[in-house]
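Undergrad: Quick mapping for you: the protein sequence lines, in order, are chains A and B. Mapping of the first sequence onto our numbering: position 1 corresponds to residue 1041, and the numbering continues sequentially without gaps. Mapping of the second sequence onto our numbering: position 95 corresponds to residue 115, and the numbering continues sequentially without gaps.
Hints in this document: simulated from the structure, not taken from any laboratory. Be aware that one or more of the hints could be misleading.
Straight-line Cα separation of at most 30 angstroms, DSS-like style, residue types lysine-lysine; simulated pairs [unchecked claim]: (1) K1109/A <-> K1057/A; (2) K1109/A <-> K116/B; (3) K79/B <-> K1111/A; (4) K116/B <-> K1105/A; (5) K1057/A <-> K1097/A; (6) K90/B <-> K71/B; (7) K1097/A <-> K79/B; (8) K56/B <-> K79/B; (9) K116/B <-> K1058/A; (10) K1109/A <-> K1058/A; (11) K1097/A <-> K116/B.
Partial chain A-side listing against chain B, Cβ under 7 angstroms, derived [unchecked claim]: (12) P1079; (13) L1083; (14) G1137; (15) G1140; (16) F1143; (17) G1146; (18) T1150.
Cβ coordinates follow ideal geometry from the N, Cα and C atoms, glycine included.
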Amino acid sequence: EAQVTQNPRYLITVTGKKLTVTCSQNMNHEYMSWYRQDPGLGLRQIYYSMNVEVTDKGDVPEGYKVSRKEKRNFPLILESPSPNQTSLYFCASSFTGVYGYTFGSGTRLTVV
Amino acid sequence: GQQVMQIPQYQHVQEGEDFTTYCNSSTTLSNIQWYKQRPGGHPVFLIQLVKSGEVKKQKRLTFQFGEAKKNSSLHITATQTTDVGTYFCAGSNDYKLSFGAGTTVTVRA
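Modelling step: build the complete structure from the supplied sequences, incorporating the hints.
TA: Structure representation (structure tokens):
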């Protein structure tokens, strides 16, 4: 089944403790992206990647890092999480970045 | 940067009625996409519009892209309980997809 898989689905952590949210897609998509969703703000893009080793900042990149060492994986790294990063995070992929995105099931992160 | 505004934020609809949600961009878009997110779920791609003035239909859903490629609308006829959820428009330019804040639809049976 074609899908984007994120892990974990839920995560509660403490301020300053580094964490990684994994994202993997099995559709051979070139383009991958991370979004955060907050009430009333819709989905805001954090980082995106147009291909292996090519990443770029979205609209809200502060406090996040990403890497794209393989086409299928695009992990989101929070080096020192803070409470304002409490949010629902979605990974998405697209064949070209121009056509419709396939979203993962989401990761609900709480930073206390 | 590119901003996509969507109205209304909430839409309460009587089952069987029609409604429309609107999307406006501050810049000209190469294409616009629409997604639906059910409560507790993730966004699911519905459709993409590329051409100026384009109109596409999916059963009871009609999507339009404005002549200037800066606005779009989604019209749902004869609303059903299965239409509950949040509808997002997303404008695309230079491989960046910017989402509106969404219209959350509730249906009164």
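Undergrad: State for each hint whether it applies.
TA: These are the hints, each one checked on the structure:
| no. | hint | result |
| --- | --- | --- |
| 1 | K1109/A <-> K1057/A | holds, 23 angstroms |
| 2 | K1109/A <-> K116/B | holds, 21 angstroms |
| 3 | K79/B <-> K1111/A | violated, 36 angstroms |
| 4 | K116/B <-> K1105/A | holds, 18 angstroms |
| 5 | K1057/A <-> K1097/A | holds, 23 angstroms |
| 6 | K90/B <-> K71/B | holds, 11 angstroms |
| 7 | K1097/A <-> K79/B | violated, 37 angstroms |
| 8 | K56/B <-> K79/B | holds, 15 angstroms |
| 9 | K116/B <-> K1058/A | holds, 27 angstroms |
| 10 | K1109/A <-> K1058/A | holds, 20 angstroms |
| 11 | K1097/A <-> K116/B | holds, 10 angstroms |
| 12 | P1079 | violated, 9 angstroms |
| 13 | L1083 | holds, 4 angstroms |
| 14 | G1137 | holds, 4 angstroms |
| 15 | G1140 | holds, 4 angstroms |
| 16 | F1143 | holds, 4 angstroms |
| 17 | G1146 | holds, 5 angstroms |
| 18 | T1150 | violated, 16 angstroms |
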